[in-house]
Structure formats: structure tokens, C-alpha cells
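Trainee: Chains as they are written, first to last, in the numbering used here: chain A, 1 to 107; chain S, 1 to 107.
Don't read these hints as lab results, they were simulated from the structure.
Idealized CB from N, CA, C, for every residue including glycine.
Hints should not be assumed to be uniformly reliable.
[Stated by the list, open to error] Here are a few chain S residues that face chain A, going by a calculated C-beta distance under 8 angstroms:
#, residue
1, A6
2, V9
3, I11
4, R33
5, D42
6, E46
7, V54
8, G90
9, T94
10, Y95
11, A96
12, P105
So you can see what is in the structure, the chains are spelled out below.
Protein chains: 2
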Amino acid sequence: MNGVFAVLVTIDVRPEALAEFEAGLRANAAATRAEPGCLRFDVLRERDDASRFVLYELYTDEDAFFTGHRAAAHYPAWTALCERCVVPGGRRNTYAVPAFAEDVPDA
Amino acid sequence: MNGVFAVLVTIDVRPEALAEFEAGLRANAAATRAEPGCLRFDVLRERDDASRFVLYELYTDEDAFFTGHRAAAHYPAWTALCERCVVPGGRRNTYAVPAFAEDVPDA
């Protein structure tokens with residue numbers, strides 16, 4: 001698939017694992033932003049729930065996420081971090097594309 | 001509240017109202033981007049569901065959204081559009097803030 005690809009991630013972290021998760025998330029954000037196919041990687045948390053994180057990620061295309069990102073050297077550390085810190089079933093991805101061909105989000 | 005404020009919106013549109021909704025959404029996006037407090041307004045839809053839209057909006061602060069955006073001249077047309085076109089209960093907002101003070105998303 002060609003064209004900008006968006007990934008929105010919601011992550012519920014166990015409160016007792018918050019400090020470890022935050023350190024790992026910072027490292028993952030920095031490493032992902034350095035990938036050639038990553039256009040944007042915004043790290044947020046819900047206004048009223050500091051243990052629920054929201055990521056907004058833009059990639060050059062779908063392959064940059066499913067192949068490039070997931071094959072990156074730093075990716076196994078991220079999945080291991082989530083296994084340790086995230087509430088069971090608490091990581092949910094939404095995949096999205098530009099709604100209008102003439103209005104494509106950029107970096 | 002000071003500091004960047006993010007609004008993520010999921011909108012389920014009635015399939016028969018899709019053309020009307022798309023035209024109104026284009027207009028709303030253009031008008032919102034022209035607001036002084038709006039930093040970013042990305043218009044997406046789910047990869048596997050063309051009737052589910054996802055908006056990613058960044059504002060300079062919470063007031064820019066709850067006061068500036070909702071008091072804008074174009075806002076009533078948006079709410080009326082949603083009343084006509086959106087599945088009942090199908091518009092959901094998530095409010096978020098930067099997870100880390102040293103890593104704030106920009107426009």
C-alpha cells in the first residue's frame with residue numbers, strides 16, 4: 001500500500017510499572033522517530049488518566065510500519081516492555097489513512 | 001490550563017449520509033485550521049471502515065478548544081452536520097496532553 005499510514009495506539013499501563021514504562025517509551029519514541037519511514041510520533045496521555053497513553057504515529061506508507069518499524073532493532077525491546085508493564089489486553093491499535101486524497105497529513 | 005491540548009475524535013457516519021458528511025468535514029477542517037489556537041487538524045478514516053472517521057487535533061491549550069473552537073462561527077454548522085449524519089452515539093472525543101513535558105508535539 002502506498003500513501004501516508006496512521007497508527008493510533010492506546011496503552012493502559014499498570015500503575016506500579018509507570019516509571020519503567022515511561023523510560024522505555026521515551027527510548028522507543030526516539031528510536032522510532034529515527035526510522036526512515038516514520039513521519040511523526042506524538043506521545044500523549046489521557047488528560048484525566050495518567051496511566052493511559054495515546055500514541056499518534058504517521059508513516060510514509062503501510063510497509064514502513066508493518067515491515068520497517070516492526071523489523072527495527074529496537075522493536076523487540078518495546079514489545080518486551082509492554083509485556084512487563086501493560087495491563088493484559090490493554091494495548092489497542094487503530095489503523096487509519098487520510099480521509100481525503102487531496103488533504104494528506106504531513107510530518 | 002496551559003500547554004498543548006490534543007483531541008482525538010472517532011465518528012461513525014451513516015453510510016447513506018457519507019457524501020454530505022465528507023463535504024461538511026472538509027469545510028470544518030479548513031475553518032478550524034484557520035483558528036488562531038489550532039495547531040493541527042488531521043482528517044483520517046479507519047483503514048478498513050470508510051464510514052469511521054478519526055480526527056487528530058492539536059490546540060495551543062485547553063481553552064483554545066473548549067472556548068475558542070466551540071465559540072467559532074463555524075462550529076454550529078459542524079454540530080448540525082453531525083446530528084444529521086452521525087450514527088446515534090457515534091461521536092466520541094478523547095482528550096489528551098503531552099506525556100512528557102520535555103517532548104511536546106508541535107504543529
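Trainee: Determine for every hint whether it applies to the structure shown.
Mentor: Do the hints match the structure? See the list:
1. About 5 angstroms separates the beta-carbon of A6/S from the nearest beta-carbon of chain A, less than 8 angstroms, and the hint is met.
2. Nearest Cβ of chain A to the Cβ of V9/S: about 11 angstroms, over the 8 angstroms cut. The hint is violated.
3. Below 8 angstroms, beta-carbon pairs count as interface contacts, and I11/S has none with chain A, the closest being about 10 angstroms; its hint is therefore violated.
4. Annotation: R33/S was flagged as interfacial toward chain A, and the flag is violated, the nearest CB pair being 10 angstroms apart, outside 8 angstroms.
5. The beta carbon of D42/S comes within 4 angstroms of a beta carbon in chain A, closer than 8 angstroms, and the hint placing it at the interface holds.
6. The criterion of a C-beta within 8 angstroms of any C-beta in chain A is met by E46/S, whose closest approach is roughly 5 angstroms, and the hint holds.
7. Here the hint on V54/S is kept, as its CB sits about 5 angstroms from the closest CB of chain A, short of 8 angstroms.
8. The restraint placing G90/S at the interface with chain A is violated, with a minimum CB-CB distance near 15 angstroms, outside the 8 angstroms limit.
9. The criterion of a C-beta within 8 angstroms of any C-beta in chain A is met by T94/S, whose closest approach is roughly 7 angstroms, and the hint holds.
10. Satisfaction of the interface hint for Y95/S is found here, the shortest Cβ-Cβ separation to chain A being roughly 4 angstroms, below the 8 angstroms cut-off.
11. Given the 8 angstroms rule on beta carbons, the hint for A96/S holds: about 4 angstroms separates it from the nearest Cβ of chain A.
12. For the restraint placing P105/S at the interface with chain A, the shortest Cβ-Cβ distance is roughly 4 angstroms, inside the 8 angstroms limit, so the hint holds.
Checked against the numbered hints above, the structure breaks hints 2, 3, 4 and 8 and satisfies the rest.
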